[in-house]
Amino acid sequence: MQVQKAAVTLQERPCILRRFKCLIGAFAVVVFCICVAFPGSAKAGEWMVRHSVETPSGRISYLEQGKGPVALFVHGVLLNGYLWRHQLADLSDIRRCIAADLLAHGDTQIAPDQDVSVTANAKMLKEFLDALKIDQVDLVGNDSGTGIAQIFAALYPERVRSLTLTDGDTHDNWPPKAFKPFLAMAASGGLPATLKAMIADKNVYRSAVRRRFTTQ
137 MQVQKAAVTL
147 QERPCILRRF
157 KCLIGAFAVV
167 VFCICVAFPG
177 SAKAGEWMVR
187 HSVETPSGRI
197 SYLEQGKGPV
207 ALFVHGVLLN
217 GYLWRHQLAD
227 LSDIRRCIAA
237 DLLAHGDTQI
247 APDQDVSVTA
257 NAKMLKEFLD
267 ALKIDQVDLV
277 GNDSGTGIAQ
287 IFAALYPERV
297 RSLTLTDGDT
307 HDNWPPKAFK
317 PFLAMAASGG
327 LPATLKAMIA
337 DKNVYRSAVR
347 RRFTTQ
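Numbering (the numbering used here), first residue to last: 137 to 352.
No lab work stands behind these hints: they were computed from the structure. Here a beta-carbon is modelled for each residue, glycine too, at the ideal position from N, C-alpha and C. Some clues are possibly wrong.
Unchecked claim - Simulated restraints on C-beta separations: (1) Pro205 x Ser343: 38 to 44 Å; (2) Glu190 x Ala333: 34 to 40 Å; (3) Asp308 x Asn339: 32 to 38 Å; (4) Pro328 x Lys203: 40 to 46 Å; (5) Glu294 x Asp251: 19 to 25 Å.
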């Protein structure tokens, strides 16, 4: 089964997971840059109330709106649940929409030694649903969040009512080609200077994002 292959292959790449963990310390700063450079719609954010719930992996922060069958939205690396604000607003009349902040992202609180790999995040989502007493979800993933969603679906198929993956990673595209320079920069120690430049001048971040989306 393709989803199962994705889960196994992703777990068999320890070098990628180590690099992933090296980036975690910078995620909060990058998210700040995103919010400053690209402020969201006030209308879409007016209703949002942030919640949190304790799990074995940490205190998970999340946004929620609506009633009905649960739809769980999974963001990618460098972002947080706020990514999904427009979807939560637009779908809240037909779904109980929930967007969690992944481990080491957003307002989620974790222990210093907490595993933050993609598999650990998939397991965290299961704990998160258990804590909220939610049996099954319509699972939606974007970017690297699609990798987490695929692993979750492979590990806990009974918890998935439907699976939607948008513009994201797969077993044979991990990490995506466009993301590899970022990993190389982090591994060589160039990330702190780049983050400082982004904070000092939001146009630096906007320029990097434009290059990212125009060179694919």
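Quick rundown of the hints versus the structure:
no. : hint                        : result
1   : Pro205 x Ser343: 38 to 44 Å : holds, 41 Å
2   : Glu190 x Ala333: 34 to 40 Å : holds, 37 Å
3   : Asp308 x Asn339: 32 to 38 Å : holds, 35 Å
4   : Pro328 x Lys203: 40 to 46 Å : holds, 44 Å
5   : Glu294 x Asp251: 19 to 25 Å : holds, 24 Å
Checked against the numbered hints given earlier, the structure satisfies every one of them.
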